Amino acid sequence: MQIASMHFKERAHDNMGNAQLQGNLQKIKGKFVAKRRESLAELDDFESTREAARAIRQRALDDLDVWLEMFERNATARGATVLWAETPADVNRHVLAIAARHGAGKIIKSKSMVSEESALDRAIESAGMEVVETDLGEYILQINDYEPPSHIIGPALHKSKEEVSDLFARVHGTARKMEINELCLEARQVLRKHYLAADMGISGGNFFVAETGSVVLVTNEGNATLTTTLPDVHVAISGIEKIVPTLEDVATLMRVLPRSATGQSISNYVDVLTGIRGDGEFHGARHMYFILVDAGRSAVLGSEVGAALRCIRCGACMNHCPVYQNIGGHSYGWVYPGPIGSILTPSYIGLENALDLPQASTLCNQCGVVCPVKIPLPDLLRKLREQQFARRLRPWAERAGLRAWSWLALRPRLFGALTRIGVRALRRLGGRDRLIHRLPLGRGWTDGRDMPAPAGRTFRELHARRRVDGERR
Amino acid sequence: MRVGFFVTCLVDLMRPAIGFAAIRLLEAGGARVFVPPAQTCCGQPGYNSGDRAGAIALARKLVAEFESCDYLVAPSGSCTGMIKTHYADLFRDDPPLLARAAALSARTFELTDFLANVLELDAVPGTYTGTVTYHDSCAGLREMGVKQQPRALLARMPGVRLVEMTECETCCGFGGTFSIKYGEIATRLADNKCSHIAASGADAVVLGDLGCMLNIEGRLRRRGDSRTRVLHIAELLAGE
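So the protein lines, in turn, are chains A and B.
Numbering that gives the first Met the number 0 puts the first sequence at residues 0 to 472.
Numbering that gives the first Met the number 0 puts the second sequence at residues 0 to 239.
Do not rely on the hints blindly, as some may be mistaken.
Stated by the list, open to error - Once the Cα atoms are required to be at most 25 Å apart in a straight line, the calculated PhoX-like pairs of lysine-lysine come out as: (1) A:28 to A:373; (2) A:34 to B:146; (3) A:373 to B:146; (4) A:160 to A:28; (5) A:8 to B:180; (6) A:30 to A:176; (7) A:34 to A:373; (8) A:28 to B:146; (9) A:26 to A:160; (10) A:28 to A:8.
Stated by the list, open to error - Listed next, the stretches of chain B that the computed footprint assigns to chain A, with coverage defined by at least 3 CB atoms under 8 Å from CB atoms of chain A: (11) 33-42; (12) 70-76; (13) 99-110; (14) 115-125; (15) 133-142; (16) 214-224.
To be verified - Pairwise CB distance ranges, derived in the manner of DEER restraints: (17) B:97 to A:161: 54 to 62 Å; (18) B:121 to A:413: 39 to 47 Å; (19) B:101 to A:303: 18 to 26 Å; (20) B:198 to A:43: 31 to 39 Å.
In short, the hints are calculated from the structure, not lab data.
From a predicted model like this one, the values you see are computed outputs, not experimental measurements.
The C-beta atom is built at its ideal place from N, Cα and C for all residues, glycine as well.
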């Protein structure tokens, strides 16, 4: 996917001024935040389950090589082929080679964020094949000239029902539908033909299970089941970090994943796909491929921000992020938005290509407290900020300002003397209403807010004076 | 009981009255308050902006200044959160300092938490008549567990009626340097907060952190609201 993370500020500005988008973003709070809270109340002890989920994911990462090899062995033993992709380009190369081997001309696809990293759909089309997204959100984006997703579980969340109505009427050449049910039915009718005609199905993978060589798909529309079982060839693509040791582990993670994501006790569909269709079996692909993608993940593993790889892609961090809620997913400029995206994006595409992302957070830690696998997201953002500071990837004036602050604060007498002058000057700038309306070096603040002026005396000078007075008495 | 009072740099520079109000409250609860005279900053600006070396130097200074006290109390969830939850990371490669910081962290309290749970303040000196709403500051709430403490203290003021605003736990958009680097986003978040405050019908918004206070007051005034008061919980409890 094209990287636009360097345009964060401009995009956030545009998106905050887009009334339609702002209205659509409001739905997140009702749809995801409230439902998550209700569904977590069903669990006897969410915190213990959350801790268990964290431990499972961390255990998988701690010995990732072992689990990956076990997965490869078990998947191969059941007739599947395991392929490794070191880069996003390798993903596309593998998929095109598989398609060529099986003579596939038409490919259907269920949701895969990893495939967005390599813009797989475009690569398939460039190679002269047809690809159809079957996840409703992804389908909407595909027929809107491959609009980028704005959310990891609701890729078209930024679109209203009315916008989808217009899009369907235009692209399908049908009468404009007003009800969501009618729109879903229309999409279903269009997609059904594609399922039956496809030569190959591509899916993502929520989990790869090492002990069985299975891929687990967590979905709500049923499209992933059709995509992975109707065509003769199934290709599952996901990151190497998505491995878990056992099916039992999946059961635990499933207690927190749908609840954290959509507020469901369980998603409508959970597919566990193990091996190719055997003799006498009626379902399943005859040829099964797994593409396990590195694309920057092995470098994150064991690094300061390695905990980010525990992510199970529920989206709770972005749903609860006050910044995301106001600027929307497109502002972040790549595949993964919100707090987790602000860690993964710089880690995968380079810190120098996403300078704003580690900074664009108030560190309010709402993300950290909702994360079902306890990723300390604000702490990881701070680690990236430290790397930016050390690598001089922040403006000179900012670095100098911070250095000057700590230098001064380490010298209490000088600090006292200079702050006494400073607060008096700012007090005068505040005028009669005690508000500073425009700060020459603080336009970032005063463009949208007044700066309440300081009282004009520092606590330390007042306190020192009182102490002296007290001693005299 | 010797309580080391950390005034915090923002209160020191912007609103010294909050510092004196906090001291009055601590003394009302029977604490002997000691104010280390050379105190400056806990290191949070550097820590949150990537200047690890600067943050370590200031954290080291603070630990040395306060470790002789029985407690460290500050009128801020943000600065106490820094000491309690982040000093361990700063000193991870320095075991002796890590141990000293851990000992201090265990005795570090946000003001209202200390007043309600350690001093168990029964009566508060301040009087106030009016309807207030409380903004839960992020670090106070999510790092220090400050939620019921200020409300319990407000309940001891007969003239105060507390009405909760929608999303009282949502960030106001301050975020330290974020408020200047991403002023437009910070303003939007502050604006949302102001709308919730206005909708609550309260005459005053009360809170426990100066950063949020400046941000919210600054946006309220720019919106043309000169009526709604913005008060630090210490000012309200201690009386003006």
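Okay, the hints, checked on the actual structure:
1. A:28 to A:373: holds, 21 Å
2. A:34 to B:146: Within the cut-off at roughly 23 Å; holds.
3. A:373 to B:146: It holds: about 21 Å lies between the C-alpha atoms, which stays within 25 Å.
4. A:160 to A:28: holds, 17 Å
5. A:8 to B:180: Holds. Residue 8 of chain A to residue 180 of chain B sits at ~10 Å (cutoff 25 Å).
6. A:30 to A:176: holds, 22 Å
7. A:34 to A:373: Cα-Cα ~20 Å, so holds.
8. A:28 to B:146: Holds - the C-alpha atoms of residue 146 of chain B and residue 28 of chain A are around 22 Å apart, at most 25 Å.
9. A:26 to A:160: It holds: about 12 Å lies between the C-alpha atoms, which stays within 25 Å.
10. A:28 to A:8: holds, 23 Å
11. 33-42: With 7 residues close enough to chain A, the hint holds.
12. 70-76: violated (count 0)
13. 99-110: Result for this restraint: violated, n = 0.
14. 115-125: Result for this restraint: violated, n = 0.
15. 133-142: holds (count 4)
16. 214-224: Held - the region 214-224 of chain B has 6 residues with a Cβ nearer than 8 Å to chain A, which meets the minimum of three.
17. B:97 to A:161: 54 to 62 Å: Check passed, 57 Å falls within 54 to 62 Å.
18. B:121 to A:413: 39 to 47 Å: The hint (39 to 47 Å, Cβ to Cβ) holds, given that residue 121 of chain B and residue 413 of chain A are roughly 43 Å apart.
19. B:101 to A:303: 18 to 26 Å: Holds: the Cβ-Cβ distance is about 21 Å, inside 18 to 26 Å.
20. B:198 to A:43: 31 to 39 Å: holds, 36 Å
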